[in-house]
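FYI, the numbering for the sequence shown is 1 to 536, going by this note's numbering.
Honestly, the hints are just simulated from the structure, not real lab data. C-beta: ideal position from N, C-alpha, C; glycine also. Check each hint, because a few of them may be wrong.
Unchecked claim - Estimated spans, in silico, between C-beta atoms of each pair:
(1) G86 / I306: 21 to 31 Å
(2) F35 / H381: 29 to 39 Å
(3) G86 / D291: 53 to 63 Å
To be verified - Heads up, simulated DSS-like pairs for lysine-lysine below, C-alpha to C-alpha not over 27 Å straight-line:
(4) K362 / K249
(5) K288 / K358
(6) K233 / K249
(7) K36 / K358
(8) K36 / K249
(9) K233 / K288
(10) K362 / K480
(11) K233 / K358
(12) K358 / K249
(13) K288 / K80
(14) K288 / K477
(15) K119 / K2
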Amino acid sequence: WKVTSRLTFNLGLRYEYETGLAESGDRLTYFDPSFKSPLQGVDARGAILFAGGSNPRSIRQTPVANFGPRLGFAYRVADKTTIRGGYGVFFIPIGVEPTLGTTPFNFTVNADVVSSEGKPLTSLSNPFPAGLPLTARRVTDGSYLLGTDPAAALIAPNTVVRDNPVSYMQQWNFAAGRQVGRSQVIDLTYFGSHGVHLPIPNMTLNQIDPRYLANGGAWLNERVPNPCYPQIKTGLLSLATVPRMQLLKPFPQFAAVSTANAYGSTLTLFRPAVGDSVYHAATLRYEKRFDRGLSVQAHYTWSKLIDTGGGTNGNAFNDPSALRDIYNTRLERSLGTFDVANRLIVTYAYELPFGRGKALAKDSGRLLDAVIGGWTVFGFHTLESGRPVVVGGPDLSRVAGSSPSRVSVVYGQDPRLPYDTAVSNARDWNPVCNCTRPWFNPAAFSVTPEFQIPNGPRTLPGLRQDWTRNWDLSLDKRLKLAERLNLTLQGRFFNILNQVYFAGPSVTTVNSANFGSTTGVNSAPRRIELGSRLAW
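Starting from the given sequences, assemble the full structure and let the hints guide the process.
Structure, rendered in structure tokens:
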């Protein structure tokens, strides 16, 4: 919509309709937290239900109100100056559950064609004479996962819920651009986004309420009568008494296999949409279009990402997958593990001004032109700040049921080490000591005590990995052999300065001697490739 000769609006509305995943034999399951458990004498809710029959065939609800508005504008301030902006809502597709790639939904069968004596064992008409294994059975009553043994049905299932909210992103931007001269453009852009109901990899549904933790481990571990006894024949709930902690869980009928791992994962929800994110970035872009033998593109981005561990794909993030407290997901809010505060990328191509027809030695003879002419330099430079360090470790709290690899912080201890500019202006490390000098202060972290929620965030603002520094260079030499025959000699130099940037420090074991130290590198060594290309 062209409002005036200077102002233009773009308006749009996108509607998306995506059905939930279904399977031809209805052999998919989902968790219904309100379903009455078939166990007698226990007022327990929650069951694994099969799709189909009286239940919906899809294991995800089909959203019907996915309206995504689009708004954009462009305003010409002057002949060479414009401002632009836009806003949109973008829905994230329903992901395929990771369990579908594992047994019993996916399997591999091998059959030998001939025996060790060379006798044929199979044929094209019967390639698998031993038959194929059956996939998971569908149960008509929908009470149990396998429908035969309650204990087997209720031990540590991995599942999904149908009422997962729709995941979407709100994105907006505002930019100002100016043409400088005949071939140069400068853009300054602000970009923002807000992720809502983003999926995280998984979380437990069977965490006890944190208010019970104040009673202490002795009270939580005390053996009390098991209301499920003797209905369940195997596993922890087959015993006459169970730890009180088990009965305090939201779904106590879902238990571990034995007393030894009574606090292990007992009900894991895949890809719950409980995450959110906020991203802000300012970008400065300079572009010089090819003119007088030179073209340049340079991008600088200053940004910040804050999230609770969610993303467009719940399996994409490498931060701790379990929530510290499912009753308070805001505890996970911190710098995102993919936050890169500063990034500079520069690319260029430059035809050296030497040789026939160039600015220098333009009248050179054929022999001299073959030596000094036809050279082109290509460059690609990257400089970006390190991503936040995820400090993890063994979890002894026995709270979440699906233990997050999280430690606690020690108050009064600064996790950052002082900078030593005499050694490096990037980080406190010393290449002489084989990179084992601590990257951060190990005394600032501790193992979480039993029956306490870890107080350490997913990431800390002051702890980041090493900067990425890379310079790739390419040098081409073009030789004209005949009117339609050209030979190009090519030299490719990757990491030409052989710069080293270190891998993230060891963060898995708090009491380890290497905790907080980096012992490897992420950079590749200098590599040189030589080649040639003949064109006719």
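Hints and how they fare:
For the hinted restraint 21 to 31 Å between G86 and I306, the CB-CB distance of approximately 22 Å keeps it satisfied. In this structure the hint that F35 and H381 lie 29 to 39 Å apart at CB is violated, the actual value being about 59 Å. The hint said 53 to 63 Å for the Cβ distance between G86 and D291, and at roughly 30 Å that hint is violated. Taken as a hint, the K362 and K249 pair is broken in the structure, with Cα atoms around 84 Å apart against an allowance of 27 Å.
Note on K288 and K358: the hinted pairing holds, with a Cα-Cα distance of about 20 Å set against a maximum of 27 Å. Restraint check for K233 and K249: the C-alpha separation of about 20 Å stays at or below 27 Å, so the hint holds. Of the pairs offered as hints, the one joining K36 and K358 is violated, with about 84 Å between alpha carbons and a cut-off of 27 Å exceeded. Between K36 and K249 the CA atoms are separated by roughly 16 Å; this keeps the pair inside 27 Å, and the hint holds.
A C-alpha spacing of about 75 Å is found between K233 and K288, which places the hinted pair above 27 Å, so the restraint is violated. With a C-alpha separation of about 16 Å, the suggested pairing of K362 with K480 holds against the 27 Å cut-off. Only pairs whose Cα atoms come within 27 Å are accepted, and K233 paired with K358 is rejected, the gap being roughly 89 Å. At most 27 Å may separate the alpha-carbon atoms for a hinted pair to count; K358 and K249 exceed this at roughly 79 Å.
Under the criterion of a C-alpha separation no larger than 27 Å, the hint pairing K288 with K80 is consistent with the structure, at around 15 Å. With a C-alpha separation of about 23 Å, the suggested pair K288 and K477 falls inside the 27 Å cut-off, and the hint holds. A threshold of 27 Å between alpha carbons decides the hint, and for K119 with K2 the separation of about 79 Å lies outside it, so the pair is violated.
The structure fails to meet hints 2, 3, 4, 7, 9, 11, 12 and 15 from the earlier list, while all remaining hints are met.
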